[in-house]
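Asker: Full structure from sequences and hints, please.
Residues in the sequence shown are numbered consecutively from 1, following the numbering used here.
Read the hints as simulated data drawn from the structure, not as lab findings. These figures come from a predicted structure and were not determined experimentally. Honestly, I wouldn't trust all of these hints.
[Unchecked claim] Derived pair list, reagent style DSS-like, types lysine-lysine, alpha-carbon separation capped at 25 angstroms:
#	residue 1	residue 2
1	Lys214	Lys6
2	Lys192	Lys34
3	Lys111	Lys4
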Amino acid sequence: MVRKFKLINALGAEWNLMRKDAFLHSPEGLGIGKDNEYMRSGSAYELVEEIPSQKTVSFEMVFASYEIYRQFANFIVYTPLKLAYMPINEWAYLDGSITSMSKEEIGYSTKRLVCTCTYTATSMWYIPRAARKTSPDVENAKKYNYTYDYAYADELNGTIRVVNNAMEDSPATISIMGPVTNPAWYVSVNNKVIASGALTADIPEGDKVVINSKDGYLEVAEYVADTDTFVRNLYQFTDFSRETFVMFPPGNSTLYIAGTTDTGIDAWVEVEEVHDTI
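Answerer: Shown next as structure tokens:
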């Protein structure tokens, strides 16, 4: 199977890096790099901390014309970018930006403009995994309340099973749909809560709460559900005695969503499986 690349800019537009008039060639830097810290112990060295290197991917862009080159240059202005890579059968993403792009003249023999690019990453490689729990509207629906006992909350409220195939804790975006009052969220492993968050707020029908635990994108906010229009920052209404920005460990875990609602919990989670290489 042929590997695939594409770029996504901050406007959500995509550039297919496999197109014949503007394609990516000779990528380097897709492997593993470490900036480990060691401490000398006699004649040996002990590992103190294992730190993944900031990733830099270099490649050539081959353009059929100056016009296509200018279109690409205008596309990458809207940062941050996402470099998407499909080596086998699923997309992985690397946040960052193109920090350099050389420009020569169109080759006499090749009739192509070849530009060397450097993509500097601001994240690790990640693969989004999404799951959803929906409780449909029913007549005479029970009124659920997040203050119930935790085991009871498991029975009555939203339960989402999560499988994280990464080798380390991974961030996630949790979305809880309104109408809901005082929503709370719990991450559990083997029936033990390892992280949680709670919010004292009324979220009307048509809006949603978004909790994003990704570095650089941390937020607890209310959005219009259909359009993702920002409504307000909700961080000040969170329970500061809890972690709020929860992470999901490797392996199996469970996300419990609770809150006061007449219709049952409607929520989803997208976990970003973090990988050093793809």
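Asker: Hint by hint, note whether the structure agrees.
Answerer: Taking the hints in turn, this is what the structure says about them:
1. Distance restraint check for Lys214 and Lys6: the Cα-Cα separation of roughly 22 angstroms lies within the 25 angstroms cut-off, and the hinted pair is therefore satisfied.
2. Straight-line distance between C-alpha atoms of Lys192 and Lys34 comes to about 33 angstroms, which puts the hinted pair past the 25 angstroms bound.
3. Distance hint between Lys111 and Lys4 is fulfilled; the C-alpha atoms sit about 24 angstroms from each other, no more than 25 angstroms.
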